[in-house]
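Student: What follows is each chain in one-letter form.
Protein chains: 2
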Amino acid sequence: MTTPPNHAKVRVSKRAHYDQETIHGILDCGLVAHVGFVLDDRPMVIPMAYARDGDILYIHGAKAARIIKKNKSVPACLTVTHIDGLVVARSAFHHSVNYRSAVIHGHLRDVTDPEEKERALVLVTNHLLPGRWDEVRPMTEKEFKSTGVLALEIEAASAKIRTGPPVDDDEDYDLSVWAGVIGVTQTLGETENGPRNIVDDVPPSIEAARQRFND
Amino acid sequence: MTTPPNHAKVRVSKRAHYDQETIHGILDCGLVAHVGFVLDDRPMVIPMAYARDGDILYIHGAKAARIIKKNKSVPACLTVTHIDGLVVARSAFHHSVNYRSAVIHGHLRDVTDPEEKERALVLVTNHLLPGRWDEVRPMTEKEFKSTGVLALEIEAASAKIRTGPPVDDDEDYDLSVWAGVIGVTQTLGETENGPRNIVDDVPPSIEAARQRFND
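Residue numbers (my numbering), protein chains in the order written: chain D, 5 to 219; chain F, 5 to 219.
Bear in mind the hints are in silico, worked out from the structure with no lab data behind them. It cannot be assumed that every hint is accurate.
[Stated by the list, open to error] From the derived model, a few chain F residues whose C-beta atoms are all more than 12 Å from chain D:
(1) Gln24
(2) Lys76
(3) Pro170
[As the list claims (entries may be wrong)] Partial selection, computed: residues in chain D whose CB lies under 10 Å from chain F:
(4) His28
(5) Val92
(6) Leu125
Glycine included, every Cβ here is placed at the ideal spot set by N, Cα and C.
Let the hints inform the model, and build the full structure from the sequences given.
Tutor: See the structure below:
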């Protein structure tokens, strides 16, 4: 899983990482993934909920499942990106973005084995809200059958990370132009009770989600 | 540009929108887009800086430009997603995410006309930092030549939006299970001065960026 795909080699970047810990770290604190696949010779990119189980990623969505089922296995690319800052340089050329992204290549397959499918649904639910599966009423057979889950076996993966201040051309540091970084953060904030709520206290999964996702 | 692509018709959704104002609104306040294209029969999804000029999207990146140049025009999908909340229901099945996403289909072409390329570079710079182009030193000829810009002419576009509280099965409202929404916000926050900065005051483009992107 730590081998870059062949076409990644067209660019050798000091920002590239292929170690598992870095890649898993980026995947494990992402809210949604952007999943790309080819349909009728056209690329499609759709935001989807997901979860990781070792070297398998599970994605959840009735739409993609319907598309994928026609084939047995289709190539896909799953990308998770965190934006950490806008990098403001003294020249337009050196402007940049501080970010962490993981790009995963593999093949999607429809998850049909009931045990694997249930495990995947638990993982996807608990990815966004750790522990939530055990807080809610059990899933019915009908719900289980009508929910689509796809598995992406990780065949190649890479991460890109940019951190730090702008790097300007040496002669530009004398210019009267401000340079620096604007921090960008994503925050899970306050809760809003849903209608007809008979419980006042928010469950532990809410705080667990804040701890997982807040920058 | 407001016509859905054929394959979008496989799913009729109450969350789908095809009006230009909605789609432009989502595009205009996104920090990065996830751009998908096909390379060696494999889908690739890469986060990229971008800007909109009417019905053309410009994307910026040396890597993609090198890949695309071999061909004259390649099909691509550009997706911008905003996450607004986690929707916490009484059953796992009804959990969801409040989000706004725009999915744009078209063909990428390398921008070679110098006038269009300069306009595109101004737009991409000013998308993230409104007005920044005029705050920095002018771009050199060498920088201009080594920067890649791709144009995506919008051929089909759609938006998906989910808002509001969870919608549970009627009988589940009696359960002692908390339900509601956790708000998710993205914030451009404090600035950090870069090294060797001889200017203390941050320029107007910083506050303009906060106004454009902060939820």
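Student: Each hint needs a verdict: does it hold in this structure or not?
Tutor: Here is what the structure says about each hint:
The beta carbon of glutamine 24/F sits about 20 Å from the closest Cβ of chain D, which is more than 12 Å, so the claim that it is off the interface holds. For lysine 76/F, the shortest C-beta to C-beta distance to chain D comes to about 16 Å, beyond the 12 Å cut-off, and the non-interface label holds. Look at proline 170/F: its CB is around 5 Å from the nearest CB on chain D, not clear of 12 Å, so calling it non-interface is violated. Interface restraint check for histidine 28/D: the shortest CB-CB distance to chain F comes to about 18 Å, outside 10 Å, so the restraint is violated.
A cut of 10 Å between beta carbons decides the hint on valine 92/D: the least distance to chain F is about 7 Å, and the hint holds. With 10 Å as the threshold, the beta carbon of leucine 125/D comes within range of chain F, its nearest partner Cβ sitting at about 7 Å, so the hint holds.
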